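*Asks:* As you go down the protein sequences, you meet chains D and F in turn.
Last residue of the first sequence: 606 in the numbering used here, with the numbers rising by one and none dropped.
Last residue of the second sequence: 606 in the numbering used here, with the numbers rising by one and none dropped.
Please keep in mind that the hints were generated in silico from the structure rather than gathered at the bench.
Values in this document were obtained by computation on a predicted structure and should not be read as measured data.
It is possible that part of the hints are untrue.
[Stated by the list, open to error] Selected chain F positions facing chain D (Cβ under 10 Å, derived; list incomplete):
#1 ILE43
#2 PRO87
#3 VAL118
#4 GLN347
#5 ALA505
#6 ASP605
Cβ coordinates follow ideal geometry from the N, Cα and C atoms, glycine included.
Single-letter residue listing:
2 protein chains.
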Amino acid sequence: MSFTPPVNAIGFLLRHGTDLGAISETGRFEEPSDDLVGAILTGASEFARDVWAPTNWEGDQNPAKLEGDDVIASPGFKEAYQAFVEGGWQTVSLPQDIGGMGLPSVVSVAVNEMLYASNMALGLCPMLTSSAVQAIKAHASPELQETYLPKMLAGEWTGAMCLTEPQAGSDLGPVRTKAMDNGDGTYAITGQKIYITWGDHDCADNVIHLVLARLPDSPEGSRGISLFLCPKMHVNDDGSLGERNDFKPIGLEHKLGIHGSPTCVMEFNGATGYLVGEVNRGLACMFTMMNEARLFVGVQGVAIGERAYQAALQYANDRVQGVPPGQEPGAPIVEHPDVRRMLIDMKAKLMGARMLGFATAEAADLHRHKREGLLTPICKSYGSDLGVSVASTAVQVHGGMGFVEETGAAQHFRDSRIAPIYEGTNGIQAIDLVGRKLKRDGGEEMRALIGELRDAVEGVRNAGDLDVCARAMEQGLETLSTATDIVLNATEVDALAVASTYLDLAAHVIGGSLFAKAVARGKQSGDAHAANMAALARYHALRVMPAADGMLEAIRAGADPVFAFPRAQLADV
Amino acid sequence: MSFTPPVNAIGFLLRHGTDLGAISETGRFEEPSDDLVGAILTGASEFARDVWAPTNWEGDQNPAKLEGDDVIASPGFKEAYQAFVEGGWQTVSLPQDIGGMGLPSVVSVAVNEMLYASNMALGLCPMLTSSAVQAIKAHASPELQETYLPKMLAGEWTGAMCLTEPQAGSDLGPVRTKAMDNGDGTYAITGQKIYITWGDHDCADNVIHLVLARLPDSPEGSRGISLFLCPKMHVNDDGSLGERNDFKPIGLEHKLGIHGSPTCVMEFNGATGYLVGEVNRGLACMFTMMNEARLFVGVQGVAIGERAYQAALQYANDRVQGVPPGQEPGAPIVEHPDVRRMLIDMKAKLMGARMLGFATAEAADLHRHKREGLLTPICKSYGSDLGVSVASTAVQVHGGMGFVEETGAAQHFRDSRIAPIYEGTNGIQAIDLVGRKLKRDGGEEMRALIGELRDAVEGVRNAGDLDVCARAMEQGLETLSTATDIVLNATEVDALAVASTYLDLAAHVIGGSLFAKAVARGKQSGDAHAANMAALARYHALRVMPAADGMLEAIRAGADPVFAFPRAQLADV
């Protein structure tokens with residue numbers, strides 16, 4: 034169950050699929066020179082392969098445990114996390130003036146894909162820390178920032194997000210956890226939170242929780258929720274750790290996958306909390322870090338897909354069964370056309386999804402907020418759905434061995450299934466895309482993106498042996514344009530009923546077009562990997578992008594086929 | 034985690050989607066009158082709901098155990114299996130002259146879907162018995178038949194198939210298990226077999242194994258394999274049970290799903306075996322029952338999908354989150370357009386897959402062997418793949434609760450994943466369809482089927498409010514016809530590289546067309562459920578069948594995009 038990240042492919046898409054020059058010109062980042070990027074990717078790849086990947090299976094087989102009031106992480110996780118902190122990996126995309134490497138988000142996407150692939154469950158811990166850092170930086174008082182951020186930035190303390198309650202999941206309006214003003218600048222937080230990822234553990238000295246709670250006289254619903262910072266361990270004035278705060282994990286979920294990630298039920302018994310941002314503006318504060326978190330869940334999907342792909346490839350290269358056409362006896366199953374098809378299909382689709390992640394991060398780096406907002410739900414949903422389908426295909430390549438846990442293929446399949454659910458289900462993403470991102474500017478940003486990609490078609494056509502990609506782009510972009518008009522002109526219910534299909538269509542076309550564009554640029558620059566990347570781009574154009582056409586039919590149909598069947602009869606007919 | 038089979042939907046498709054009249058006219062079955070069929074379906078449904086379904090979760094949480102040389106089934110399974118035997122459910126499709134109910138295979142498909150849905154792991158036990166019975170009936174000597182069949186037919190003894198060895202899975206040619214002639218009409222079997230479903234257990238008094246093994250002077254490869262019957266317990270001349278035979282389970286696999294089904298490693302230490310069929314013709318004997326087994330794995334996919342669907346529906350009817358458009362606060366999430374879309378999508382697709390199962394069984398009942406052979410791989414692959422995707426969507430409907438094991442949604446997702454693998458992986462099915470079923474008659478049977486479905490278009494169009502179905506049939510059948518020509522004229526490698534895609538295309542079109550045809554007939558006969566079934570058929574026509582067009586593009590592309598990327602670089606680029 035070894036794993037080596039595909040550094041060449043990731044580096045290729047980063048160099049030719051994003052505009053590192055423009056990102057550099059913003060002056061906000063350490064200049065991402067080819068040498069520096071190369072060194073970072075190589076270093077991250079080696080760390081992922083040598084330090085984190087070997088802990089992945091152990092985490093699955095030996096989930097985190099609750100002992101008394103403390104969660105004990107899976108064997109080897111504490112050491113693997115400490116090595117991550119010592120290697121400075123938490124700081125990749127943090128500004129230099131606060132001790133970070135100051136690299137753009139596109140580089141962080143590349144690094145995090147490797148980390149998530151090597152150990153998805155452990156990778157959630159720094160991902161949550163990063164989200165908490167974002168929210169604290171944007172909204173907390175200077176004093177809170179001074180007390181908590183340095184340790185969190187270094188990864189010495191980790192972050193956790195306490196949003197969900199049993200009755201408040203996708204809709205946080207009904208949050209009931211209470212906050213009482215202590216009159217001394219602090220608040221007493223009381224209530225129960227569920228699904229708290231890495232809510233407690235022994236990998237770091239402190240866990241900084243951001244908790245949504247309601248003040249007594251606040252309005253009902255989502256406009257009456259405030260955000261509070263609750264440290265697991267109180268922090269003394271000199272920065273040393275004091276007593277434990279009045280909250281604790283009281284249960285761990287027994288989950289389908291990511292067993293190494295402790296998913297806590299947290300009980301707050303008048304815990305001391307510090308207000309972050311304004312009273313009753315808690316949800317808005319949380320949304321600050323939502324884009325980044327959603328981007329990284331899309332990247333997780335790609336990551337778990339890549340890990341599953343590599344496992345399937347290793348198996349297909351070793352396993353001998355039957356004689357593939359045109360081969361000698363003893364040839365491994367990778368030579369069977371249908372096995373090869375599965376592998377190339379996984380590989381090519383992952384490239385398209387990877388490009389969606391890079392494009393979203395690039396938009397963030399360039400402060401193109403509308404573009405970032407448009408691409409984020411597409412990246413999150415498509416990447417996470419693809420992670421599940423690729424992990425499923427990887428099980429299939431293993432045959433019977435895939436269904437037996439000991440090969441590890443099943444773990445990837447189980448782990449992958451969370452990504453379409455958390456950080457906003459993929460249904461929520463589709464609603465966000467259609468109901469908010471598309472409608473609020475009348476489709477302007479989507480049309481701008483379609484226009485940019487249309488402008489790129491000629492370059493793809495002229496790059497040599499990418500004709501099929503240019504044709505697929507033209508046809509796909511036409512389909513996306515038509516679908517966009519339909520959705521924009523639809524009633525609310527019609528638009529919502531086809532939102533997921535529209536998102537999927539957009540992902541196929543945009544991901545495929547960005548991929549082809551990146552390959553064309555790589556060819557023009559004489560990149561040594563361009564020929565092989567071009568073979569994948571052609572596969573994507575011929576066998577992946579055409580699915581968009583069938584989706585257009587579904588979009589045209591609107592809500593009628595979805596609601597024509599009476600609800601009362603759904604259990605039978 | 035209650036489960037009630039959708040008797041109305043299953044009954045509708047059975048009555049209007051199969052030709053029970055023609056089946057009756059063969060004279061080989063008890064006349065399947067509406068009353069009888071209705072009584073059987075109701076009885077099976079109640080048994081599935083009340084007796085088997087409550088044991089499903091227990092089997093997942095408490096897998097079968099190996100204690101010494103004996104496998105102890107999951108808690109409650111022995112009682113559930115005994116109730117199955119006492120209810121006579123093993124005998125549904127067995128001829129009356131040997132104590133069966135003498136009902137056609139189409140009825141057995143309906144009954145088995147309910148049983149598999151209620152407990153897939155337990156359902157495998159009678160499925161294996163049925164397969165073993167088929168092989169023994171077709172190939173064993175009268176003495177063997179007399180000794181073993183009556184008890185097996187009743188379900189008092191169960192069957193097991195010992196085919197796979199570590200180096201011999203999809204390709205059984207390399208089987209190494211040895212058979213030595215004892216000179217007294219018996220053979221001594223020695224070797225190790227893996228993945229033996231229900232290879233040992235305590236639910237019945239005896240387990241009758243059919244074992245592939247090689248005689249010392251047999252040719253190498255698949256033409257040197259013979260089939261042997263090895264009873265777990267020797268049977269005395271008076272029919273009573275004697276000593277235990279010299280083979281035993283030495284391990285149980287730790288699997289992703291179907292934990293209640295013991296998957297055994299079996300060790301044969303000179304076990305007494307009886308030759309079944311001719312020497313060196315063992316593989317041919319096994320293929321006798323392959324069609325039926327593959328049909329029933331397709332049905333399993335539908336079954337686990339239906340179970341997952343019902344769980345998702347129950348959750349969606351209960352869970353309140355956000356206010357769906359046009360609804361009051363407190364409306365459950367089933368009213369959210371994207372949730373309703375997921376539910377209707379699952380439900381409609383299951384109908385298409387169900388029709389593929391009924392059509393395959395109907396062909397068997399009518400002795401239309403070429404039709405049965407053509408449809409079997411399509412039914413097996415599409416049904417089993419759909420089971421996985423529907424179970425995945427059902428997890429998604431549950432949101433975070435879907436990823437937590439206690440809801441049971443995750444179990445269905447895990448259980449479902451085996452069906453695309455066993456009884457010939459879906460890749461093998463596609464090879465069988467394209468390389469054997471399609472090519473051996475130059476596409477004649479496929480063209481005949483396309484012709485029959487084209488002839489049905491007019492009836493669908495005239496049935497009222499099924500216009501969209503008629504159009505989808507016309508377009509889909511044209512697409513299938515074109516794809517068939519392409520595959521028939523392709524080189525071997527081209528055909529094999531697109532075989533899975535061709536199968537998927539055929540399943541979409543044939544399943545959708547058969548479904549529309551059944552609904553049209555139901556409408557014409559005034560069936561009370563026809564209006565709701567028509568709503569599902571329209572959904573299928575508008576949102577499922579159009580996917581076939583995108584697949585045609587992939588089929589046109591042939592093997593080139595699959596093999597253009599160099600094998601040596603598959604790990605990266």
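*Asks:* Sort out which numbered hints this structure fails and list those numbers smallest first.
*Replies:* 2 and 3
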